[in-house]
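Protein chains in written order, with our numbering: chain A, 1 to 662; chain B, 663 to 857; chain C, 858 to 1144.
Please keep in mind that the hints were generated in silico from the structure rather than gathered at the bench.
Built from N, CA and C at the ideal position, the CB exists for glycine as well.
In silico SDA-like cross-links for lysine to any residue, where the CA-CA straight-line distance does not exceed 20 Å:
{"hint": "1", "chain 1": "A", "residue 1": "K349", "chain 2": "B", "residue 2": "K757"}
{"hint": "2", "chain 1": "A", "residue 1": "K348", "chain 2": "C", "residue 2": "S1027"}
{"hint": "3", "chain 1": "C", "residue 1": "K1004", "chain 2": "C", "residue 2": "D1128"}
{"hint": "4", "chain 1": "A", "residue 1": "K404", "chain 2": "C", "residue 2": "D1025"}
{"hint": "5", "chain 1": "C", "residue 1": "K1129", "chain 2": "C", "residue 2": "I1112"}
{"hint": "6", "chain 1": "A", "residue 1": "K262", "chain 2": "A", "residue 2": "D295"}
{"hint": "7", "chain 1": "C", "residue 1": "K1101", "chain 2": "B", "residue 2": "G824"}
{"hint": "8", "chain 1": "B", "residue 1": "K740", "chain 2": "B", "residue 2": "K776"}
{"hint": "9", "chain 1": "C", "residue 1": "K884", "chain 2": "C", "residue 2": "K996"}
{"hint": "10", "chain 1": "A", "residue 1": "K357", "chain 2": "C", "residue 2": "S1027"}
{"hint": "11", "chain 1": "A", "residue 1": "K258", "chain 2": "A", "residue 2": "T310"}
{"hint": "12", "chain 1": "C", "residue 1": "K972", "chain 2": "C", "residue 2": "D895"}
{"hint": "13", "chain 1": "B", "residue 1": "K796", "chain 2": "C", "residue 2": "I969"}
{"hint": "14", "chain 1": "A", "residue 1": "K357", "chain 2": "C", "residue 2": "N1007"}
{"hint": "15", "chain 1": "C", "residue 1": "K1077", "chain 2": "A", "residue 2": "I482"}
Counterexamples of contact, computed for chain A against chain B with all Cβ distances above 12 Å:
{"hint": "16", "residue": "Y33"}
{"hint": "17", "residue": "R85"}
{"hint": "18", "residue": "C200"}
{"hint": "19", "residue": "L248"}
{"hint": "20", "residue": "F261"}
{"hint": "21", "residue": "T308"}
{"hint": "22", "residue": "K480"}
{"hint": "23", "residue": "S525"}
Here are the chains, one letter per residue:
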Amino acid sequence: MSNNKEEIRIGVYICHCGHNIAGAVDVVGVAEYAAKLPNVVISKDYKYMCSDPGQELIAADIKEYNLNRIVVTSCSPLLHEKTFREATTKAGLNQYFMQMVNIRENVSWVNENFDDATEKSKDLVRAAVQRVAFQRALEKQKVPVNPNVLIVGGGIAGISAALTMANAGKKVYLVEKESTIGGHMAIFDKTFPTLDCAACILTPKMSSVKNHPNITLWTYSEVSNVEGFVGNYKVQVTRKPRYVIEDLCVGCMLCVEKCIFKEGKFPDEFNQGLSKRKPVYVPFPQATPLVAVIDDKTCIHFKTGKCTQTCKTACDRNAIDFDQKPEIKEIEVGTVLLTTGFQAFDAKKVPYYGYGKYPNVFTSLEVERMVNASGPTEGHVLTREGKAPKSVGIIHCVGSRDEKTHKWCSRVCCMYSLKLAHLIKEHTGADVYNFYIDMRTPGKGYEEFYDKLLHEDVHFIRGRVSEVTDWITSPEEEGKLIIRAEDTMIGMVRRIPVDMVVLAVGMEPRDDAQEIRKMFNISCSTEGFFLERHPKLAPVNTFTDGVFIAGACQGPRDIPDSVAQAGAAAAEALVLIDSGHVELEPNTAYIVDEICSGCKSCLNICPYKAITFDLEKNKSSINVALCKGCGTCVAACPSSAIKQNLFEDVEIFSEIKGIFVE
Amino acid sequence: MSSTISNMPVLNIKREAELDKNFAKTIAKLAHGEQIYGCIQCGNCSSTCPLSPYMDYTPRKIIAMVKAGFREEVLTNKTIWLCASCYSCTVECPKGIKITDVMYALKREAIQNKIYPKRFTIPAMSKAFYDTVKSTGRSNEVALLMRYYMRTNIFSALSYVGVGLKLLKTGRLAIIEKQMKRKQDFKKMLKDSEN
Amino acid sequence: MKYLYYPGCSLKSSGKSYEESMLAVFKHLGIELQELNDWNCCGATNYMAINEQSAMSVTSRNLALAEEQGGSGEINLVAPCNACYMGLLKTKTYLENEQGLRDSVLQKLDSIGMKYEGRVKVRHPLDILVNDFGLDKLKMAVKKPLKDLNVVSYYGCQVVRPITAFDDASDPVYMDQIAMTLGATAVDWGMKVRCCGGSMTSTVSDVGLRLNYLLLKEAKRKKADIIITACPLCQFNLECFQDKISRKYGESVNIPVVFFPQLIGMALGLDKKELGLQRMFVQPQYL
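Could you put together the complete structure from these sequences and hints?
Next comes the structure, spelled out in structure tokens:
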């Protein structure tokens, strides 16, 4: 649909990119070749087109030669398309009249033969020259951004991000699956490398969240539906029934005391199953909100309907409501932060370490609870027989750095193993052995912490443990668990008898990560963690605008890094909110109403749910704010009623023709 | 003092020129995989190996030496022959290295280049087994052990007389074996594969 | 249920009672086994060390024979000896994964007028019993439950390694489950898959005997009454050198070591002779 009456005047600019391109391509030759192509008015080569003088060169030529189309032949558009579009705009030309040709990544870096590379560059330039003639002026669309934000996951990352956003004056909805916020950090006793108490630094933040006027906290809740697009999301949150009215409960614990179960009977999740809880419980004393919850899977009332409901009678505030139903909340937000965290590797998946078989094999999280003063053993490190261990082995890399479980390094295990070694030593005076493959302590004060441990008479054996067994070969091993590993520093296999084994389990994506990924329309990398837009330059962005990620849902990460990422994600969200609007790329699909037959073929194939059906007109219509320009519907439409800006048939076909026909 | 030092053998130094830079490549090809390049020297193989207590070098060291090109040392030592093919190293290796196949590859390489420890009993057993199967298509314990003891030490067979007699008494020795019908085909195929 | 059966060399000699008991038990349970015609050696471990190509050609001849005899479609080939089972399974798997190897092996088969199409599924009797026949049915067939019998299961190496087609590579449980089904007590021990040394009892007897000593000693420490196994070489090593080991280490390591079908046969009420129990060096007292 280019204006055929308009005279096309094209300027072609070939970049040397220092030696990057000029070293492998005859740039002068390409420029001379381009000058002879139809409609080309001027063709130039230059050392660095992206530099200020380079950009000014283009702007000046546009004015001087009255150019109306520009072809920049340089690097990948991912890097500099924006630069050259701006340069074009500055000279008063619509930015979509500029077309880029990538002769660096696609040519000079991947071709060894100078002549071949030059020929290929000429072909690509010829194609772009033919294409650009048909390009149209397009405008970006502006969409306002709703200033409210949704944060999913109330661990340390979600808590930090929520406080940052709320302190910046934004309305925050914090949704947490469990009955309390705090996440994994609430389970820990001390934090490395400073050994400050996890609860002491975390719980003030938890109560700030609860009390913040800008934060709406929904625990025991899950996001059940998401619609909309950047700046304008409609979200449905399902609040699961906790059978205790949150506004009435003050956490007095009377209901728990008076429960028909005199003693705890069910594995206490917070204590990693090391203690028992009742069907009505508060996970831990600083739980936020401090509201009891009734577990309907174990509560007699829900199982048989024959409970005397002593808890209900005991509550003088009438807070217990057995008839509570799931509650649906509908909210509108402009941005979303996913801080859904990780799950610990299931140690039963490596049977040769004996977890679940030998009672005195523990996971690191179990030991975290054990060393905690308010934990199931009141801070005493004890074997299942209730004795203090005389020797303890800590096995690193359980479920990490292993092709059969997870290939990645979980990043935190070396440090927390050192921490646990220190704490176990401090609590019991036992001989503590660390079995590691490589000691990884990259972080501020981390190596110094390792050094401290080296001086604390803790044993370090460099070797992957092949098995934990009760097979003994000498009398002193009787009654012990034997850890077998090659001491690779010495080159000899060692058998270490211990009373307790601690498995340093790694971090893995949560089981529900895929579900969340689909709901928010983002991607996961191959191992299953949420995928960032760029591993270095956009680590908290996703490929879906307005959805950000932070913390261990993106990859194994410790507390300082999670908090830092949460800050970064909050800042990115604030940028969107405070700019007030978003600009949408115009490379979207559109429907030519006259041709659309209303067959609905396009409706279900759109991966972004951007196509709706207008029943009155009996035609499909595309929401440009949702459309990502993937082209799927364009290809699928049986009557060719769907077209796409910047990818019109005439543009593509002339480009293809340009490649093949000299 | 200086004389003492001058009499000391040079043990722990290796010059680059003494290494076979293609050794790792050769072995990786023979051993079904490039995984050996990914070894992180964790020692799980040595630890799980039931025979490593008797080896000159632990399996972990063998992999390191293969990678670095210590051809001579690797092919002439007993470690590779002590591998009983129990595969525990292979299934446990966190980097998926087929260590048992590496050991096989090294054995074959040693035999091909005739640099295995000749007086050592295990290669002799392998050869005896190979020859027995080659001649009859099946392995026969009597024939196998005869070949083996002829190659090694005929007198050492005496210590097994007791076990042998008991096997005979309980009918567990097959002295006369059922022959294969298409033995000629079988032999032809073997001849082809040796070329 | 009908299967092709590859005995391998040991089941015709030192492991004769493995064949006898398995055939008897399977017949009793209605599982039909038909012996593979004209089979040859599986290649075993020693062969691989000399010439892998040749070893795999030898092995694949058996796979080709199975296709000849077994008709069309997928063919289940049962190999009770661990080494045979592993040799056949490994060869089959490697041929599937490596084009070059496959081409050269197929060419060798072709030179003697044979072909292999990849239709053979290599199976172990344990796999057949647990997954095809079923422990529930086995339980119903038990006539004399093995009460108060402490059994340790010794799987040996090559049944779940290097390719784990059933059960678990480091903590297999099928034999334990069978023992429990028969009414016995399955004693857990850390040596289930720890190697017996194979032919080392002959080649480096100091080492071979020590490996077996450690196994027998641990079985005794765990108060086992009997060891059951699924491999003729393991059984041979563990049983036939007990006197030698006891003398060498100055402590008695005597304990019956039988093949798992022999244990099943006793619980099913089959005749001792049918199960080849008269061939054992150490007679299981309980049975």
